[in-house]
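**Q** Chain by chain, the residues run as shown.
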Amino acid sequence: DTAVSQTPKYLVTQMGNDKSIKCEQNLGHDTMYWYKQDSKKFLKIMFSYNNKELIINETVPNRFSPKSPDKAHLNLHINSLELGDSAVYFCASSHLDRDNEQFFGPGTRLTVL
Amino acid sequence: KQEVTQIPAALSVPEGENLVLNCSFTDSAIYNLQWFRQDPGKGLTSLLLIQSSQREQTSGRLNASLDKSSGRSTLYIAASQPGDSATYLCAVRYHGSGNTGKLIFGQGTTLQVKP
Chain A
1 DTAVSQTPKY
11 LVTQMGNDKS
21 IKCEQNLGHD
31 TMYWYKQDSK
41 KFLKIMFSYN
51 NKELIINETV
61 PNRFSPKSPD
71 KAHLNLHINS
81 LELGDSAVYF
91 CASSHLDRDN
101 EQFFGPGTRL
111 TVL
Chain B
1 KQEVTQIPAA
11 LSVPEGENLV
21 LNCSFTDSAI
31 YNLQWFRQDP
41 GKGLTSLLLI
51 QSSQREQTSG
61 RLNASLDKSS
71 GRSTLYIAAS
81 QPGDSATYLC
91 AVRYHGSGNT
101 GKLIFGQGTT
111 LQVKP
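Residue numbers (my numbering), protein chains in the order written: chain A, 1 to 113; chain B, 1 to 115.
If you're looking for bench data, these hints aren't it; they were derived computationally from the structure.
Mixed in with the good hints there might be a few duds.
What the hints assert, rightly or not - Sample of chain A residues at the chain B side, in silico, Cβ under 8 Å:
id : residue
1  : 48
2  : 73
3  : 82
4  : 87
5  : 90
6  : 94
Just so you know, these numbers come straight off a predicted model, no measurement behind them.
Note that beta-carbon positions come from the ideal geometry of N, C-alpha and C, so glycine has one too.
Let's have the full structure, built from the sequences with the hints guiding it.
**A** The following block contains the structure:
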């Protein structure tokens, strides 16, 4: 299936731990994004990579570090997890220089205890 | 400040009714506007994308319009069905964000279609 996929779907961890979320797209897109959806369901951009280059870096704690090993993958590593990091994290991809229609993954629900 | 607002936050209608969801944005300098659907516990599904040069887009029972001068978009759903129940999100790609693809999302309208 052509899609944006994320792993894991659920992540439950203790405060202070370090965790990673992985994202892959097989749509041939050149740009990938990380969004955070908070408890009120509001979606906000965190990071974006175009052809493996960071192009969006919103005001996000530096405990969050994205990595894009190639155009089809974008990972998110979070250090020293805090209670406030609990949210659903969505990966998305698009062709930036075409219509930029963004396609989203199923989300990773992170719960920090 | 570049924002996107969706009103109402929630809407409940009987099956078969035609309905309109509203989205407003604060700056007319946009690249495009995208409507999404989100089912509970799921990701976002892209419904329609309207480029800044377009006035409307249609897909099946859905029709999205764009009026940049007034900073508004509407999503029209014809002959609503219980399966249309979901949260509908509007997102705008503003020129001010540069060539980054950054989308600014509204808070969404949660639609319930009653059988």
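**Q** Is the interface hint for residue 48 of chain A satisfied, with its Cβ closer than 8 Å to some Cβ of chain B?
**A** Nearest chain B Cβ about 6 Å off; hint holds.
**Q** Residue 82 of chain A was flagged as interface toward chain B. Is the shortest Cβ-Cβ separation under 8 Å?
**A** Violated, about 23 Å.
**Q** Taking the least C-beta to C-beta distance, is residue 90 of chain A closer than 8 Å to chain B?
**A** For residue 90 of chain A, the interface hint holds, since the closest Cβ of chain B sits about 6 Å away, which is under 8 Å.
**Q** Min Cβ distance, residue 73 of chain A to chain B: is it shorter than 8 Å?
**A** violated, 17 Å
**Q** Grab the minimum C-beta distance from residue 87 of chain A to chain B and call the hint holds if it beats 8 Å, violated otherwise.
**A** violated, 14 Å
**Q** Any CB of chain B closer than 8 Å to the CB of residue 94 of chain A?
**A** Nearest chain B Cβ about 6 Å off; hint holds.
Checked against the numbered hints listed earlier, the structure breaks hints 2, 3 and 4; every other hint is satisfied.
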